[in-house]
Amino acid sequence: KQEVTQIPAALSVPEGENLVLNCSFTDSAIYNLQWFRQDPGKGLTSLLLIQSSQREQTSGRLNASLDKSSGRSTLYIAASQPGDSATYLCAVRGDTSGSRLTFGEGTQLTVNP
Amino acid sequence: GAGVSQSPSNKVTEKGKDVELRCDPISGHTALYWYRQSLGQGLEFLIYFQGNSAPDKSGLPSDRFSAERTGGSVSTLTIQRTQQEDSAVYLCASSRKGQGGSPLHFGNGTRLTVT
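If you read the sequences in order, they're chains A and B. If you read the first sequence in the numbering used here, its first letter stands for residue 1, the second for the next number, and so on. If you read the second sequence in the numbering used here, its first letter stands for residue 1, the second for the next number, and so on.
Simulated from the structure, these hints should not be mistaken for laboratory data. Note that the structure is predicted; figures quoted are calculated from it, not measured. Don't take every hint at face value.
Computed list of lysine to aspartate or glutamate pairs in DMTMM-like fashion (alpha-carbon distance at most 20 Å, straight line) [claimed, not checked]:
| id | chain 1 | residue 1 | chain 2 | residue 2 |
| --- | --- | --- | --- | --- |
| 1 | A | K1 | A | E105 |
| 2 | A | K1 | A | D27 |
| 3 | B | K57 | A | E3 |
| 4 | B | K57 | B | D24 |
| 5 | B | K17 | B | E85 |
| 6 | B | K97 | A | D95 |
| 7 | A | K42 | B | E44 |
| 8 | A | K1 | B | E44 |
| 9 | A | K68 | A | D95 |
| 10 | A | K42 | A | D95 |
| 11 | B | K57 | A | D84 |
| 12 | B | K57 | B | E20 |
| 13 | A | K1 | B | D56 |
| 14 | A | K42 | B | D56 |
Whenever a hint applies, use it, and build me the whole structure from the sequences.
Have a look at this one:
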């Protein structure tokens, strides 16, 4: 059974700092990995999707890496802003494209002005 | 529509009543997922549809839960004889299938409170 762990559970940083969120998963037979953000009372917003054959994806100030063999992914946020405050969730999809996503419990990020 | 739409956004019901939650996926998305998010917990998979069929419904917690999808579009999640432990946010997501594992797009969820 796939298990996804995110560390840290919560993080508070001053504005402008670069930061890294960590995600690990127990079964390396994944199809892809997706990072989401969730604002309070809202659904999930997709940030980045990394296919199993890829090593990283970038979008603006966000960079996500994937090391499938070791079961790890990181989300790097450059020059953090108060608007980045949210819960960040990592999810892995099983080894077929229709399989469920298994989610971590998230990292709650607060960026202080 | 532009995104995944869920209704109602909030639902308060008495214990023992039945409820129906609706999901309108993004047009053209053949895959549809239901998840549940309880307070302070992660997202729990419930069921996956590909078209109108459900190849994976292993996450439904009991036989009080059922879901259907018609016309390859709208899906309804039904909870019969609701219990207080059913209180949670129910999230629906959709994606294209067969395009390299395209990203899931989520709706804003239905917050269900069972009193």
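Results of checking the hints against the structure:
1. A:K1 x A:E105: holds (16 Å)
2. A:K1 x A:D27: holds (8 Å)
3. B:K57 x A:E3: Roughly 19 Å between the alpha carbons, so the hint for B:K57 and A:E3 holds.
4. B:K57 x B:D24: Holds, at roughly 19 Å.
5. B:K17 x B:E85: Holds, at about 13 Å.
6. B:K97 x A:D95: holds (14 Å)
7. A:K42 x B:E44: Distance of about 16 Å is within 20 Å: holds.
8. A:K1 x B:E44: holds (14 Å)
9. A:K68 x A:D95: holds (12 Å)
10. A:K42 x A:D95: Violated, at about 29 Å.
11. B:K57 x A:D84: violated (35 Å)
12. B:K57 x B:E20: Holds. B:K57 to B:E20 sits at ~17 Å (cutoff 20 Å).
13. A:K1 x B:D56: holds (15 Å)
14. A:K42 x B:D56: The given pair, whose Cα atoms are some 26 Å apart, is violated under the 20 Å limit.
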